[in-house]
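The whole structure should be built from the sequences, with the hints applied where relevant.
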Amino acid sequence: MFFRENGQFKSTYRADQQLLPILQDRVFMAGLVAFAFLVVPFVASDYLFLSLVIPFLILTLAAIGLNLLVGYCGQISIGHAAFMGVGAYAAYNLVLRLPFLNFLVVLVLAGFVAAAVGMLFGIPSLRIKGLYLGVATLAAQFFLDWVFARVKWLTNYAPSASPPPVELFGWTVDTPVRKYLFLLSVLLVFTLLAKNLVRGHIGRAWMATRDMDVAAEVIGIRPIYAKLTAFGVSSFFCGVAGALWGFVHLGAWEPLAFDLNLSLSLLFMIIIGGMGSILGAYFGAAFFVVLPILLNRIPGMLGFEMSTATASHLEVMIFGVLIVLFLALEPHGLARLWAIGKQKLRLWPFPY
Amino acid sequence: MDKHLKIGLALAALAAAGSLAGEAAYAQQAKEQFFPVLVYRTGPYAPNGVPFANGYVDYLKLVNARDGGINGVKIAFEECETGYATDRGVECYERLKGKGPTGATVFQPLSTGITFALTDKSFGDHIPLITAGYGRADSVDGTVFGWNFPLGGTYWDAADILIQHVGKKEGGVANLKGKKIALVYHDSPYGKEPIALLQERAKMYGYDLILLPVTHPGVEQKATWLQIRQNRPDYVFLWGWGVMNSTAIKEAVATGYPREKMYGVWWSGAEPDVTPAGEGAKGYNALVFLAPAGQGGVHKDIIKYVYDKGQGTGKKEEIGDVLYNRGLTAAMMAVEGVKRAQLKYGKKPLTGQQVRWGLENLAIDDAAIKRLGFTGFMSPIATSCVDHEGGSAAQVHTWDGTKWNVQPGVYHADQQVIKPMIRASAEKYAQEKKLSKRDCAKEAD
Numbered sequence: 001m002f003f004r005e006n007g008q009f010k011s012t013y014r015a016d017q018q019l020l021p022i023l024q025d026r027v028f029m030a031g032l033v034a035f036a037f038l039v040v041p042f043v044a045s046d047y048l049f050l051s052l053v054i055p056f057l058i059l060t061l062a063a064i065g066l067n068l069l070v071g072y073c074g075q076i077s078i079g080h081a082a083f084m085g086v087g088a089y090a091a092y093n094l095v096l097r098l099p100f101l102n103f104l105v106v107l108v109l110a111g112f113v114a115a116a117v118g119m120l121f122g123i124p125s126l127r128i129k130g131l132y133l134g135v136a137t138l139a140a141q142f143f144l145d146w147v148f149a150r151v152k153w154l155t156n157y158a159p160s161a162s163p164p165p166v167e168l169f170g171w172t173v174d175t176p177v178r179k180y181l182f183l184l185s186v187l188l189v190f191t192l193l194a195k196n197l198v199r200g201h202i203g204r205a206w207m208a209t210r211d212m213d214v215a216a217e218v219i220g221i222r223p224i225y226a227k228l229t230a231f232g233v234s235s236f237f238c239g240v241a242g243a244l245w246g247f248v249h250l251g252a253w254e255p256l257a258f259d260l261n262l263s264l265s266l267l268f269m270i271i272i273g274g275m276g277s278i279l280g281a282y283f284g285a286a287f288f289v290v291l292p293i294l295l296n297r298i299p300g301m302l303g304f305e306m307s308t309a310t311a312s313h314l315e316v317m318i319f320g321v322l323i324v325l326f327l328a329l330e331p332h333g334l335a336r337l338w339a340i341g342k343q344k345l346r347l348w349p350f351p352y
Numbered sequence: 001m002d003k004h005l006k007i008g009l010a011l012a013a014l015a016a017a018g019s020l021a022g023e024a025a026y027a028q029q030a031k032e033q034f035f036p037v038l039v040y041r042t043g044p045y046a047p048n049g050v051p052f053a054n055g056y057v058d059y060l061k062l063v064n065a066r067d068g069g070i071n072g073v074k075i076a077f078e079e080c081e082t083g084y085a086t087d088r089g090v091e092c093y094e095r096l097k098g099k100g101p102t103g104a105t106v107f108q109p110l111s112t113g114i115t116f117a118l119t120d121k122s123f124g125d126h127i128p129l130i131t132a133g134y135g136r137a138d139s140v141d142g143t144v145f146g147w148n149f150p151l152g153g154t155y156w157d158a159a160d161i162l163i164q165h166v167g168k169k170e171g172g173v174a175n176l177k178g179k180k181i182a183l184v185y186h187d188s189p190y191g192k193e194p195i196a197l198l199q200e201r202a203k204m205y206g207y208d209l210i211l212l213p214v215t216h217p218g219v220e221q222k223a224t225w226l227q228i229r230q231n232r233p234d235y236v237f238l239w240g241w242g243v244m245n246s247t248a249i250k251e252a253v254a255t256g257y258p259r260e261k262m263y264g265v266w267w268s269g270a271e272p273d274v275t276p277a278g279e280g281a282k283g284y285n286a287l288v289f290l291a292p293a294g295q296g297g298v299h300k301d302i303i304k305y306v307y308d309k310g311q312g313t314g315k316k317e318e319i320g321d322v323l324y325n326r327g328l329t330a331a332m333m334a335v336e337g338v339k340r341a342q343l344k345y346g347k348k349p350l351t352g353q354q355v356r357w358g359l360e361n362l363a364i365d366d367a368a369i370k371r372l373g374f375t376g377f378m379s380p381i382a383t384s385c386v387d388h389e390g391g392s393a394a395q396v397h398t399w400d401g402t403k404w405n406v407q408p409g410v411y412h413a414d415q416q417v418i419k420p421m422i423r424a425s426a427e428k429y430a431q432e433k434k435l436s437k438r439d440c441a442k443e444a445d
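Residue numbers (my numbering), protein chains in the order written: chain F, 1 to 352; chain H, 1 to 445.
I should point out that these hints are in silico values taken from the structure, not numbers from a laboratory.
Note that the structure is predicted; figures quoted are calculated from it, not measured.
What you were told as hints is all true, and nothing was included just to trick you.
Straight-line Cα separation of at most 30 Å, DSS-like style, residue types lysine-lysine; simulated pairs:
(1) Lys339(H) <-> Lys442(H)
(2) Lys152(F) <-> Lys177(H)
(3) Lys195(F) <-> Lys10(F)
(4) Lys152(F) <-> Lys437(H)
In structure tokens:
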């Protein structure tokens, strides 16, 4: 009985359709956003920002993007790191060649470039499904990796892409706190966007396609439209995330920064976090960013003398075991665990 | 939008609590110079990462055990595993940069990818970055790359020296005309770095350059060596790292390409690269960067002060391996940089900014090399604010099936060709990054 939601009647469609129908949720959410914007910048250390929170925010954005495609539309992709790379290289070239553009414009344009490339590689999804589609997107990953390494124009004939610091309206995004606030704002906007997309007609079309594509076609959803928009929107999100990853987190990168490993990590994130759930993307990214580093540091924090190699082997082993356990015990991911917890709390202490 | 952020932040806060607890213990010790040690003891490049890390750490231990620190300032160090991954490297950097009473002394990531990312951060954090024998070739220019120190040589030097060597083999560089040289390289910024210079030289000498990329991590090279079999190049330059090197030599054996005509860069010429190929590796050549394999005065001290006391980092038999020695010299140069800076700033823990002055005024001459016990394992280095390299000299060594034998003749890269390339490249970087250049004349005192 942590919270009671009876007595909150909805008398209009508007009230029924709002994002957070329960008052407690709204208060909680407002408090949380206020906390993230007003309290966190003052309490967290630079280390925390730069090595945990910032990667977490960016990867969450990418995971949301991938989740729109895999979780909501049911089309698997093992090439999303490459779309992140497209976003990063597009943003780099835009900044380099059109230096008068505002970074926000660059970000959106980079997203559109990534969306275009994503839709191109999404075309096979119209004919093939499941594992076969996975393999087709894997081809996208390898092809784009090859392009990043080969086409020297993309990196302006330098060995690595090294963009100038991000500037917004005369405000340089360079300190950890500024980076954090900037990324948090971007993520907030994109989360709202995603949340609204999936409950609108596009999201419903995606979900219908996911649940049964033949049936979706029968009720009048054009698969070409549903699948390609899913690829486009998803790549857009990933493209923006990729640009942020390169510009804000790494500062300079080589093609290896967007390799297959990252694609697979993104996929794991949404599987562990919860397919078809925006919240799941947050959980998954947190799990992936925080846990390995935490595991790596636990022996040192507890005062064990352990060689670096042993610690990092242990980290990989424990992480692997945790993934297997999670998938075996709760295949719907952390988001499902959260929902179960919430349900239980609602009835606590008198469950029936 | 519902409770997403909360959880993420709660998890982050949890980690925060942990990390803060860890850092509190450090602040209390006062007279210490903190050396962060980025290593990769796991992952595909571990066979090469481990000996380097052992050498690096052993030297730091030696300075503490034998000399009681650097002029009385004890060395504190901590390892952090990067696995050769850029994002983990950045995390390690952030974790270690603030430790010790004065923060991190100098970073040596031993990875080109991590070097790129840290270069970008060094401008704000003011912590020098020693990339001895790797990193960006144009970071020699101290006026643009204020914090990078590619001490002792860059990939452009290495490529130039290899061309000089094969030119000598042919009886003069003029005879290189019409010859075919294949570059088998790791398809990453690291492997691509020498291409610019090899192309420049190809224009001058008229040899054909065949570029054969190998994708990370380099275990699949069948197609590459098929091309070598078809093209029959006169020489093969190998620009690999980790498992790619041993695979390349094995493929050369399988293809029947003579190992005597293969030349590796200094990162492709250590024991882990040749031993997996067994007998087949006999005759393979590679560059020696500063330190060849073997043992000298400093190794005796390490055995006496570190290993005999049970404090050794690695196995005793591996002392004196190529990469072990390279780790040793890397640590030595960092320590010498601190020593030099102490002359100006006093014998106390120094900040990264102060250590940079030391590294910029490094003068390790033959007498100093002898004093340090590095005779035969080191070429003199003298840096300045403008020149962050301090000289480049390399030799060639050949694997005879059991050990590396150094060939006579020390090569120096032709700076006439390289300097203008460095200047142009650094200039472009500064422009892209919108960096203001340092004025070295003003800083001199």
